[in-house]
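> Chains as they are written, first to last, in our numbering: chain A, 84 to 409; chain B, 84 to 409; chain C, 261 to 602; chain D, 261 to 602.
Note that these hints are calculated values from the structure, not bench results. Any given hint might turn out to be false.
[What the hints assert, rightly or not] Here are some chain B residues pointing at chain A (derived, C-beta under 7 Å):
hint, residue
1, E128
2, D174
3, G354
4, E362
5, F365
6, T380
[As the list claims (entries may be wrong)] Derived lysine-lysine pairs resembling DSS-like cross-links, with alpha carbons at most 25 Å apart:
hint, chain 1, residue 1, chain 2, residue 2
7, D, K552, B, K121
8, C, K404, A, K121
9, C, K472, D, K472
Values in this document were obtained by computation on a predicted structure and should not be read as measured data. Backbone N, C-alpha and C fix where the C-beta goes; we use that ideal spot for every residue, glycine too.
Listed here are the chains, written in short residue letters.
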Amino acid sequence: MEVTYLKAINDALREEMGRDENVFVMGEDVAELGGAFKVTEGLLEAFGSDRVIDTPISESLIVGAGIGAAMLGMRPVVEMQFADFISCAFDQIVNMAATLRFRHGGRASCPMVIRGPSGAGIHGAIFHSQNPEAWFTRVPGLKVVAPSTPYDAKGLLKSAIRDDDPVLYFEHKRLYRSVKEDIPEGDFTVPIGAAEVKHEGRDLSIITYGGTVQQSIDAARIVEKADGVSIEVLDLRTLLPLDREAILASVKKTGKVLIVHEDRLTGGIGGEIGALIAEHAFEYLDGPVTRLAMADTHNAFSPPLEEAILPNTNKIVEAIKRLASY
Amino acid sequence: MEVTYLKAINDALREEMGRDENVFVMGEDVAELGGAFKVTEGLLEAFGSDRVIDTPISESLIVGAGIGAAMLGMRPVVEMQFADFISCAFDQIVNMAATLRFRHGGRASCPMVIRGPSGAGIHGAIFHSQNPEAWFTRVPGLKVVAPSTPYDAKGLLKSAIRDDDPVLYFEHKRLYRSVKEDIPEGDFTVPIGAAEVKHEGRDLSIITYGGTVQQSIDAARIVEKADGVSIEVLDLRTLLPLDREAILASVKKTGKVLIVHEDRLTGGIGGEIGALIAEHAFEYLDGPVTRLAMADTHNAFSPPLEEAILPNTNKIVEAIKRLASY
Amino acid sequence: MAEANLVHSAEAGTRVEYELQLYYWMKLIRGFEERVSRLHRQNKILGGVYSGAGQEGLVAGICAPLQQGDVVLPLHRDLGVFLMRGVDPGVLMAQLMGKDGGLSRGKDSFLHGGDLSRGVFGSTSMLGSSLPVAAGAALKFQIKKEKNIAVAFFGEGAASRGDVHEAMNFAGVRKLPVVFVCENNRYAYSTPLEKQMAIDDVADRAAAYGFKGYVCSGNDLLAVLDVAEPVLARTREGGGPALIECKTYRYHGHSEHDPALYRSKEELLKWESRDPIQRFEFYLEKRGEDVKRLREQTDEKVKAILQRAVEFAENSPWPEVNSVFDQLYASPSPAMLDGRRS
Amino acid sequence: MAEANLVHSAEAGTRVEYELQLYYWMKLIRGFEERVSRLHRQNKILGGVYSGAGQEGLVAGICAPLQQGDVVLPLHRDLGVFLMRGVDPGVLMAQLMGKDGGLSRGKDSFLHGGDLSRGVFGSTSMLGSSLPVAAGAALKFQIKKEKNIAVAFFGEGAASRGDVHEAMNFAGVRKLPVVFVCENNRYAYSTPLEKQMAIDDVADRAAAYGFKGYVCSGNDLLAVLDVAEPVLARTREGGGPALIECKTYRYHGHSEHDPALYRSKEELLKWESRDPIQRFEFYLEKRGEDVKRLREQTDEKVKAILQRAVEFAENSPWPEVNSVFDQLYASPSPAMLDGRRS
Ligand SMILES: Cc1ncc(C[n+]2csc(CCOP(=O)(O)OP(=O)(O)O)c2C)c(N)n1
Ligand SMILES: Cc1ncc(C[n+]2csc(CCOP(=O)(O)OP(=O)(O)O)c2C)c(N)n1
Ligand SMILES: [Mg+2]
Ligand SMILES: [Mg+2]
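Please model the complete structure; the sequences and the hints are all you need to start from.
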């Protein structure tokens, strides 16, 4: 069945709510309206107002209340209307949720999912385009996922909901309706912590996730056709914990690596990955560890500015060519 | 004059408040009490309650109000009683302050300093030991400094107060009274953005900052004496913007690099630095880019746990030896 | 027109002139809002557009008593505040189009830009977060013993944010010269009042902070003035903070993308019958004005202003690409510039 | 003793027995607090120690009406809550010493551990942040139609945090079965009431959220019970949230490091004369108890319990080093384990 990325998320929510009555959804405008992007559409009708809960504009409360319910065995899926607003719930996430099991000596759980539409490309400007993932990938106790396809979106959300630890689930809003895929109907999961080679190759590895995966595959195909270089695209899918084995295996195979993400260059997860590679695959490297990412600035609105600062297929093509000819 | 790290900070505040009447101090218990660590001691008596302001427990307000006053030309120095609580002011910092000039098309300023005692080593456990710096070093519009000596503590705080952009100033609480130094009396500054070689060497570079600088120097001396290897210790001092030139120059000179910080390994600024080096000094590297940092967990309380997860001189010695013999 | 803000001319004139000016401002704001909606439909304005049509009465009534040096923090529906503080309509239009001529110089298209020379602070999208900033501006006035005030707008939806609490509490403790203005339009996006709070009046919360709260009809300019004039004056004279709640309604959906199916036609109709501009025309008529003529004259004037504003905005260039770095810091350090890769 | 918490035995007994039990709890808590302070001076407890001595009356009075399945969120001075919920004194002492036998198994020494089997949730240090969590626990009870309640303690200082506002507002909107308990001891570290809020009673804030606030003397166990028993029962029966403010005082400084020079000896004296335990002894005496004997018996019992508690804690081993990884996630993934370098 061909489904959009958005529908895949909606299906995962619906199926998990049907499967486990402890799963419930909470956030701003998620019930009546079905969410600002319609991700939670139809859930209120299907599951009632006790399990699909509209909240006031109180991000810290939304996450904190999710934690409290989760500690008693519920499986809340809470929404940040835009991932950008997660800044308002920051303390609850990095201190309350992330340390919970630890503080309780391993004897308490926080099976909660925090969803949020992230990423640029819909004229959202500074505060509706952010990629906040790297604020959280440095926090033990959390897990962080960022799917790039409808299949992964559905499978990872199901895994996240069934996971006994707090999972941040960053969906890329540009993909909601622009990406479609034939996926199996019904139940399947994608494991948290496992990257996937989305495009096999021998000469150069692109390591990426979320909004830049398809761009990277497109770029790989362009260069392969034009220059005969064979490029591997590794989709991380999970950002915490990183799939170090898959990363190192790909780099050891190809000897060259380009890390691509839409999040900012400085402090994006590409730094962590680059350092990992420079330490653990040092002897295999045939060229500098290269990164391509959003420029070190904010998500400027004007189309020429946005174009200039964000990665895209052309920029990836250029970066591949430079690195390939090193 | 020999002063402690703590006194150096207090002196900087006092001198800057004397120098510019727009400078004021605000935070929890900073006035009457002189701060939980006595960093602001005596300021109330010297400058009065209009310029040394006790606030309610409202971190977001403290930062937000600092921003509002700064936009009108004041130079607030606001305190987080422990740097850990900066999580409660996160949104104001990363969204309100960091984007301020940008949002106003370059026509507004936010000359504010946010101070906070950070770091482990005083039995503070999970919530009184954190090193939050890397949450902010990925945010353009902010500057982040972390001094390791009384001289730098004073000079960097003066620069931060005079800077027209928001500066996060992380002081390491373990150094407050344990570090003393002869420093010139009166006015001097240390430029933001400039690292400093604290110990010169030829064979291996240690890149570090804050609480692990002295440990690194000690370790360097131990290994130099024992094994005759010559080690350079570069103190970053400023974490945003990074002094890329100094980092790359040191690595190009020695060919081997060990990055050390007390912040966690994964997502600490060491990843960014490692990736920078792996990209821009690739051809000069004679060994893997190595990192030594706090383990990927929370600041556990029990002494044996803390000992196990934190870096220290011995661990640095071991890491140097391994890398030197690569 | 655009150079002088209301206050200066108002101070010079009579009450009658003052009221006529406020009529003009409401008409300009409404006209501007409608033009923005149209430009959005035409894809000439991209990104989110949040119409404040229907809420002009409270904007005019709150801004009227502001003085030079005061600071105001408008939110997403308050483009009227920019106009009344004297921001050129062309500049405001350029802001919405993301052009270099806008307040953000293309960095943002929302109302996140500001104009410090006119005391307008830009906010972020994070609702409620401008209230602590307002408290800080008021703190500056207090420290420096200046007779200015800060005014912060916020929706009843934003009232649920923790920042609002922290700001009001601090303002109460220090008796800061700040007035908080709640635009209660009954909805936060799709969420109706009763899902946002278990009380009737946000104004009642002022008691939790040791100052006074006032409720007025935000669609009745005279009612807003009745509250705003003495309350702002009292705060200016050292009377401490205040909270003014204006009951109102937005005609459009939450944003121009939102058909607002969560509310009834009857409800909209009821509120349209309380239109702040028509109400004020009714008053002016009673007072003896030739409203038909006044309306025509004003419409013409507004049309001309908007015409020029759109022209200015359309002719304004896109910003230079390097501005995304040059406008981040006061003086970018070399290391900073090095980050200019994407 | 320690296995059964108060409630079970109290339910079985008479009012007289119930009151005698509460006397015992107050004495145990006070004894425990004093022992902790002593151990801290002896460097046997490291890290921050925040004595709740002087506040036992409110802890006992609020915890007394709690039932099995209820959830309670104590803050930094509320070690009495742990005891009254049935946490073994030895386990609690091991917690404070950072031993493996503690609730956090050495991860933390503060009261950030919890015991979910007894409905005690651990908090973070970030004051006020446990109130949203309490609201979430109450939400679970509401969704699942369970007759339990959540009780969240917070200081009057924490009341200034945004999280407190967000939690109370949500609780009001959904009529959640949660009771917020403000321990108003007049200081937040060195900061006196008047620098924290411009009102007299935190309880007045309940009106801002559509529920009721109550004030009582937290140093008068009977007064606390008079409020807590009906209020908790009402919330349990679906009456929605409530806010109880207990006026009280901490005898020690903010922490054991703090000489508390910011307050006067007279003030301390005044509050010492309102000691909750002595007050209650006075009542028991009036009621005909042989208080001298009772005190001696209880002191002896408490001493023995504390003796055993300290022994247990001192004999408890340090945690295994790998526990800093093993207790982070439900099931550490291989990639996670790889991060075990320092
Ligand atoms: C902290 C935060 N959460 C969520 C949003 C998304 N959002 C934008 S406007 C809005 C509704 C605002 O309601 P209200 O404050 O009443 O203002 P109104 O739009 O009704 O004028 C929401 C939920 C936001 N901007 N900021
Ligand atoms: C968010 C936050 N800010 C600051 C602190 C530091 N701190 C710890 S206790 C305390 C005072 C708390 O006062 P109150 O809430 O009245 O509780 P009390 O100590 O009086 O019982 C402060 C400021 C903190 N723990 N959390
Ligand atoms: Mg509204
Ligand atoms: Mg207190």
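> Name the hints, by number, that the structure is in violation of.
1, 7 and 8
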